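As they're listed, the protein sequences go chains V and H. The letter at position 423 of the first sequence is residue 423 when you use the UniProt record's numbering, and the numbering goes up by one with no holes. The letter at position 123 of the second sequence is residue 123 when you use the UniProt record's numbering, and the numbering goes up by one with no holes.
These are calculated hints, taken from the structure and not from any lab test. A portion of the hints provided could be inaccurate.
Note that identical chains are pooled: a pair holds if it fits in a single copy or bridges any two copies.
[Stated by the list, open to error] Pairs of lysine-lysine residues, derived as DSS-like cross-links and limited to a Cα-Cα distance of at most 30 Å, are as follows:
1) K304 x K489
2) K138 x K420
3) K137 x K174
4) K153 x K421
5) K670 x K30
6) K491 x K660
Model, not experiment: these values are computed from the prediction.
There are 2 protein chains.
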Amino acid sequence: MPIVQFAPLSSLVQPALWHKLSDLKIDVLKLSDAAVPIHGSYTAGRSVKDRESGQEISLPCNLTVGADSFEDNYTPTHGSVSAVGTLKNFNTIEEFKAADKTALFNHEAQTVWDDIIKTRSTAQLNRFLLITFADLKKYKYYYWFAFPAFVSKPAWDIEDKGWQHATEEFDSEKLSAIHAQLRGQSPPLPHFLIREGASGNVEIAPVEQYDTFYASSPPDKQTIAFLDPSADPSNPGWPLRNLLAYLRALYPETTSKLRVLRWRDTEVPASPNIPWKSQIGTLTVGASTVDPASARPSAVGWEKNPQGKLGPRVADLAPMMDPTRLAAQAVDLNLKLMRWRILPALDLEKISSTRCLLLGAGTLGCYVARALMGWGVRTITFVDSGKVSFSNPVRQPLFEFVDCLDGGKPKAEAAAESLKKIFPGINASGHTLAIPMPGHPIPHNPTSLAQAQVDVQKLENLIEEHDAVFLLMDSRESRWLPTVISAAKGKIVLNAALGFDTFLVMRHGARASSLSTGADGKPHQKLGCYYCNDIVAPADSLTDRTLDQMCTVTRPGLAPIAAATAVELLASLVQHPDRNHAPAPPPNTNANTGTAEEEEGLSSVLGLVPHQLRGFLGQFKTMPLVGGAYSKCTGCSEIVLQAYEKEGFSMLLQAFNDAKYLETLTGLDKLYEEGENALNDIDWHEEEEEDDF
Amino acid sequence: MPIVQFAPLSSLVQPALWHKLSDLKIDVLKLSDAAVPIHGSYTAGRSVKDRESGQEISLPCNLTVGADSFEDNYTPTHGSVSAVGTLKNFNTIEEFKAADKTALFNHEAQTVWDDIIKTRSTAQLNRFLLITFADLKKYKYYYWFAFPAFVSKPAWDIEDKGWQHATEEFDSEKLSAIHAQLRGQSPPLPHFLIREGASGNVEIAPVEQYDTFYASSPPDKQTIAFLDPSADPSNPGWPLRNLLAYLRALYPETTSKLRVLRWRDTEVPASPNIPWKSQIGTLTVGASTVDPASARPSAVGWEKNPQGKLGPRVADLAPMMDPTRLAAQAVDLNLKLMRWRILPALDLEKISSTRCLLLGAGTLGCYVARALMGWGVRTITFVDSGKVSFSNPVRQPLFEFVDCLDGGKPKAEAAAESLKKIFPGINASGHTLAIPMPGHPIPHNPTSLAQAQVDVQKLENLIEEHDAVFLLMDSRESRWLPTVISAAKGKIVLNAALGFDTFLVMRHGARASSLSTGADGKPHQKLGCYYCNDIVAPADSLTDRTLDQMCTVTRPGLAPIAAATAVELLASLVQHPDRNHAPAPPPNTNANTGTAEEEEGLSSVLGLVPHQLRGFLGQFKTMPLVGGAYSKCTGCSEIVLQAYEKEGFSMLLQAFNDAKYLETLTGLDKLYEEGENALNDIDWHEEEEEDDF
């Protein structure tokens, strides 16, 4: 009698599995290589007819894994049965290669065996192992499946007539009855018992019910059946091996001869002319050389690769991916890596979802935009009134030489276009807009007035539509209008300004009425804005400037430092639970996490959230400063904000046109009149600190 | 008798003048608006024949200024005479507009008058004034010429026959004689006296010789002549006005009636059929209403603009300039502005001429290159072995999405191409090169060995050809080979390395044998290199890395800060007189210029030149550190450098292949064996300092 040979399972990995594995790795596993449950499925073996020879060609016995393989409530598709498995993803290719595969395999085989012996369950019979290394940077996935199957010693023989059409033993009526009963099973049975009754009826039952189901059934009415993934007429599929091992281990007395149905008829033949596909045969086995109930049989089952060798396979997904999506995933990956080891508590979404309005698309604006993109920020909007000039590209990293030709492209729009060229997934736009300024009166004609009103309205809308406003202009007075609007609307304001080798980066304090409270229950100190140290209102500083005053004459390294500092300040701020209301740490606060500082709310997961930072490139130093809000501030005091909220554009127009309006409104004028003594009353942090240098 | 009317001078500015003015402004004048001497010239007036009407049309009386107008030894072109002038360039358009033009004009007129009265010289008779505002960012030049001419009261009359052909009074022979005598004058005379002798001969003399030359000459043999820029038959050119004023002021007795030759024959007519162009007429004037010798006559002479109004003109050079040159000038301008007000002592050339080799074209390399370009550095060379991947562009500011397609462009070459797109004037190149590393043995076959030798040779050549080497790679061991080669060749080495939210930027110390001495005559402390704190040799840290270790996981703002800091450190270093040998200031040194620190050589014109800078983004702090060189250092110790210099590639090969070679060579192995006590001997600055945080 010929020995029964089994057709091995062949893994079929849908690309979606690798995407899911990437997500799992990036978001959940990170550096862990712990075993992860995975599900696969297989269906009845299929064959196709070769068009030339007319021969039936069996398709591989596929075990399929895909998009839903990691889901807890995995359900195989119609006609399939599920297989449980273990995925072990290694962190490096070296670890993957060096893994002790024998141990891993044996561990899985032991699990299957233990389940047979200890729980008498068939749930683990189709258990499989998948070891992987995911090269997430290159979208290459190295993997190796094992389908542990116990080796029967001696081997099973098949009776001489071999595998026959099932209809040799079961007529169509009985096969239809089996099909109907199988359809009623949920989840679908990968293997089952068949019993023929005295009346010629057939019944099926789960394999676990062997004892009871066959208790009063004569052996010639018993048939062991399994959904056979093999369409090969001579070789039944791999799942039969562990089914036989299960029966031999648990019912050694009654299972040395078994009638086996290789079930493949997931559909009843559509017409009587079409034959049933299932096959039947009678298997016999000699007495085991070991006690199957005590000693685990040896197991085999590592999958061969396409070269026919025992070795891993590689799935290279890069060529089949949409480059734009590849870029988006790559950027995402780089950010999520931060959470793997360093900062699991980092909430990237809080940063990336912050819609950023950049007022100024010059040196600072370009560098700020780039650092924001590095953080995955998805919405970046530029406002600028200028055009790209020849001196810009070497200092403004979103412009090229061609942008300067023919008079220069509008800077805001050109910067937005550049962002899209860098990362097509970005939502970037640019608006050419001149921001009205105090000290620069609106010419007294209907056209100019209407234009100013349109410009203010546009700026108000833009600020409304964003979460954070960056003040990156090159004059003092141009920051006034957005300071007022942003304060009124409760937006985050980041401010950066450059000297020759010094910079100021600060966040504006949140409005007092919305301040959070400290540990002592008292509201935190209201932090100042850009104008809080001024004793005069912003005025025209632009007219009559010499060339070196018109150009921002700075050490070239200053802008990238200041811009990146401003973006990192935003990143730290939005990580702080109080966000805009986060209190400023006093200078010399330590930032170690888990310390008193963090508990007191002075530190975010990214560290300190200072109020102001002064950089001194001549000494390569950056110093944190704190400045309180000033009740007579022309930028953020309640009297200014409420006048704006009440009177709207007409109030702004007065501020633009009347040099004294803001000073009168805030009372700064009186203070000024009171003479130099008044200087002593002012919270003069900034200048005091500067004296130190 | 008709009044004599004069054809005004008309300025003709060659564009080259504006380029010269730009240079003058940027390099010399800077913020000064002091008067600058300028030269112009005019030639005999010319006319062209209208093709349709056949009429002669006079061309304007051009006073030309151009490329050589600011030269001390200005020489007018052949046939021209020179005019001296004053240029006053204003700093802002507002100042230009608001300038007291009457005062400026009167000052010039007074200068001319004083020169007549006090020195009796004719040198200033053609004096002119040019006021300008140069908008160097837009290549627009606002300017206004004045040609001060004294008004005769009463006006001069011309006798009834008016201006006649000169041949009416002088035959061809005499005119030829005048021409010949004029050619002998150097410099050419703008005006001269003619005397006819009894024998019919003619002689000429400078106007200053009026007294002597005409002493014995009857009035009807005297002729006053001037090179006439006017070809208008009725109106003599402007220069005649001041010549007449000169004569009336100094010789009132004898000059109320003058025969005047308008000389235009700079060439003798080519044939007898061609007429002489010069004209002659007799002018008379009544008694002056004021005493010309005491009171300065009023003067006129502001030029009208093309609209026929008294107002400035604008020259817009932008459209006619080569964009590449425009970009080069714009970049240059932005840098030179630093010297105008802030740092006159800054030597930009020392920075811009530094040839920079960037090892690594990743996040750091891209940002370093941009900051170097901002400083005007002209030679930037990248070395990298990688290709642009999809995660790069958002963090590496020389790459775009398209650079990632089709497997990605080689990074070094792509970065160099990008620099050229930003600034076509840059000398940028990229080399794809894998730097051999200790701990990464060269495979033992002839091909690999030959390749390693070629790679080392290429790196040696590249380092040789550059002045500063930036180590911007992402592994520790890849910095070893360039550290050794650069130390041996005495190159500046800047090193930048990133953690998650910390960075190290440092300059390697110069070789001890070439160290400069301090104020006390002792050599400065030799500063350490990147490896000076190590007690083990660099080894393989790349194999078996997890994804987050392979990618540089950092806060996105960190790289621009570290890169810009490294470039600014280089800028400060090359400004220091000791350059590479500049001693490091102890932490907490002040950088104020003119202080003891600067005198002690601890500060450059740009401030401090620290040895190491550690940045801590969690606290927004940067701290300067100093670390001395270590005598057993595997990177810069004499034993290593001398072994390299003596054995060359074979020594390097041992270092690559034999993990213990460098430790044995330096004696680190013995130190290690001596146990933990040894740790106390090591100059362990770095770690000590870090404990503070």
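Going through the numbered hints above, which ones does this structure break? Give me the numbers in ascending order.
Hints 1, 3, 4, 5 contradicted; others consistent.
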